[in-house]
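*Asks:* Sequence:
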Amino acid sequence: MSNLVQKFQEYSDWRKGVLSALEQYRAWLSGSDLADAAIDQRMARLQEKLIDDKLTIAFVAEFSRGKSELINAIFFADYGQRILPSSAGRTTMCPTELLYDETMPPCIRLLPIETRAEALSTSDYKGQHHVWTILPLNVSSGDGMLEAFKQVSLTKTVSIETAKSYGLYDENDPDAALELDENGCVEISQWRHAIVNFPHPLLKEGLIIVDTPGLNAIGTEPELTLNLIPNAHAVLFILAADTGVTKSDIEVWRNHIGGGPGRMVVLNKIDSMWDELRSPEEIERQIAHQVSTVSHILALDEHQVFPVSAQKGLVAKIHKDAPLLAKSRLPALEYALSKELIPSKQEIIRAQLASDLHEIINGQRSVIAARGRNIVDQMLELKSLRGKNNTVIEHMMKRVDVEKKEFDTSLIKMQGTRAVFTKLSTEVYTSLGMEILREEIRKSREDMEASKFSAGLKEAIRNFFAQIKSNLMTSNKKIDEISEMMSVMYRKFSTEHGLALTAPMAFSLDKYIQEISKIEAVFQKQFSTMTMLTTSHKVLIQKFFDSVAARVKQSFLQANRDVEAWQKVVMAPLEAQIREHKNQLKNRMQSIQRIHVATDSLEDKIASFDAMQAEIEALKSSMEKFEASLKVALATELTGLKNAA
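In terms of the working numbering, the sequence shown is residues 1 to 645.
A portion of the hints provided could be inaccurate.
[Stated by the list, open to error] No more than 25 angstroms apart at the CA atoms, straight line, and that leaves these computed lysine-lysine pairs for PhoX-like:
hint, residue 1, residue 2
1, 620, 413
2, 49, 126
3, 247, 525
4, 582, 16
5, 320, 339
6, 458, 469
7, 413, 568
8, 586, 404
9, 413, 443
10, 477, 405
11, 477, 492
12, 164, 452
13, 345, 327
[To be verified] Label-pair restraints from in silico Cβ distances:
hint, residue 1, residue 2, range
14, 420, 583, 25 to 33 angstroms
15, 272, 49, 43 to 51 angstroms
16, 477, 114, 39 to 47 angstroms
17, 453, 160, 17 to 25 angstroms
18, 510, 204, 34 to 42 angstroms
19, 463, 496, 28 to 36 angstroms
20, 101, 348, 21 to 29 angstroms
21, 143, 180, 21 to 29 angstroms
22, 321, 138, 27 to 35 angstroms
No lab work stands behind these hints, which were simulated from the structure alone. Fair warning: this is a prediction, and the values are worked out from it, not measured in the lab. Positions of the beta carbon are idealized from the N, C-alpha and C atoms, including for glycine.
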């Protein structure tokens, strides 16, 4: 088992451990009468976050660099043969995602290239199952899977006009004529996108592998440029040791990948340097020279460049040849991936969960503390009645009644605040709603269609991004108003009625504004140098805008879900404390009334409060144990990586 596979399985076990701890805590909250609908929803969202957690690795390379062979060597060597087709020339003709969805049988879903003629992105089509061609995948047959995977490589010839309409032919490209066959037609992929649903153990645990076609497709397939590559947790940029870095390699690296966390360069095919006429030292120096050259050209540290032989690594794994595997240097790449990628992903999820759990636990701790204070107050109140006459008891009843009326008055005022809260909450969606977004997309598409010059086309897109960000900022201001209003309400109830309340849960749309800015930056970078508006350029820009619109829709949908969830929970701590306080006032009045009628029940009542106080202490103890258990589950390190460090 490779180091990468082992660490991914450890990461999966860590998620399962945290899920188990969350489930136990959630069940305890429910059984202890501490949960309400808002808390239960927040706990469910935390569990969904872990269950739906995905980790994406994208492989990017020009054709014939051994990209598919590298995927075979890292992930599929246990099958004893190649699973992805790997041969000279182009074997991956369209972007391919390898993942596992348990709701579907093993299959390959293929999106016809003809869909590029429509104003929809690949993401838009993912929910339209009838559009895809679906091929069954026989996972029990290695040969059968290999044949099925070959479907991804199929091509077709179309006229120049058809290729232009798909944004796949640029007549201004000086090399365009080389793409034509003897009949003046263009060879293009038969498919626009492929999704392989494959029950591989790692894919079952949430790994997604993105296999990209040649570098030329990076500039013509918006799904890669705007979605799959930028959102990948790791990108492996594959070069060939015998060719080094080409001009197109440099452009793709600078424009679409760049340095940063999870970005690695693989210098493949080092076995081409294994010359029997050279000494091992000479071969080592030659490989080191290539690594140094690549790192210099791409402005990387040398430790981010990994010389490997994917082909020899695959052969070594299949034949259990340890010396050949070591010579292929594949384990060093797998170790680097496992060391950098998986712990950083774990840390992101851990931080998110820890922050949410901190708020939930503090809220429940406040409720338990409020219950404890109420019991102590009632005990002191009852003990003060010992030996008192009915006049004193009546006076205490009146005092509790006054407190209750004052509290009821505050609740009536709170209803006014609720009305404002509802109004502002509705106003948030006047600029965040999906209908508004769809209208902005429609207007932008019309402006783009009407534009005859590149400047007008760019202006339409700039206006779209400006309006979208303006809408988000408008909604953000409304959210700030809600937050300020809730802070005032929290302080009021804390001051006037002694409720133990911290500041309400904070929320902001800033991350979505930043996300839209990043999408805009990628788009502008792609087309900033364009000066002439040719037919092919216009088609390509419109295709990219379709993907931009799809990405923005995804952001807005998530923003809407997050706002809705926040609106449901922002008042939850206050409402929980109000319920506790109302119950306390009610219980105090009932206790004093019963004492007023039968003074001999006073000692029995005090004794019952002693028992209730013991229950509160038990709740506190249980809360501390669950909190400790959750902390241990979250803090668990991936053992192999920790030892290696």
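*Asks:* Taking the hints in turn, state whether each one holds.
*Replies:* Here's how the hints hold up against the structure:
no., hint, in the structure
1, 620 <-> 413, "33 angstroms, violated"
2, 49 <-> 126, "21 angstroms, holds"
3, 247 <-> 525, "18 angstroms, holds"
4, 582 <-> 16, "40 angstroms, violated"
5, 320 <-> 339, "24 angstroms, holds"
6, 458 <-> 469, "17 angstroms, holds"
7, 413 <-> 568, "20 angstroms, holds"
8, 586 <-> 404, "8 angstroms, holds"
9, 413 <-> 443, "44 angstroms, violated"
10, 477 <-> 405, "36 angstroms, violated"
11, 477 <-> 492, "23 angstroms, holds"
12, 164 <-> 452, "17 angstroms, holds"
13, 345 <-> 327, "30 angstroms, violated"
14, 420 <-> 583: 25 to 33 angstroms, "27 angstroms, holds"
15, 272 <-> 49: 43 to 51 angstroms, "45 angstroms, holds"
16, 477 <-> 114: 39 to 47 angstroms, "44 angstroms, holds"
17, 453 <-> 160: 17 to 25 angstroms, "24 angstroms, holds"
18, 510 <-> 204: 34 to 42 angstroms, "35 angstroms, holds"
19, 463 <-> 496: 28 to 36 angstroms, "50 angstroms, violated"
20, 101 <-> 348: 21 to 29 angstroms, "23 angstroms, holds"
21, 143 <-> 180: 21 to 29 angstroms, "36 angstroms, violated"
22, 321 <-> 138: 27 to 35 angstroms, "29 angstroms, holds"
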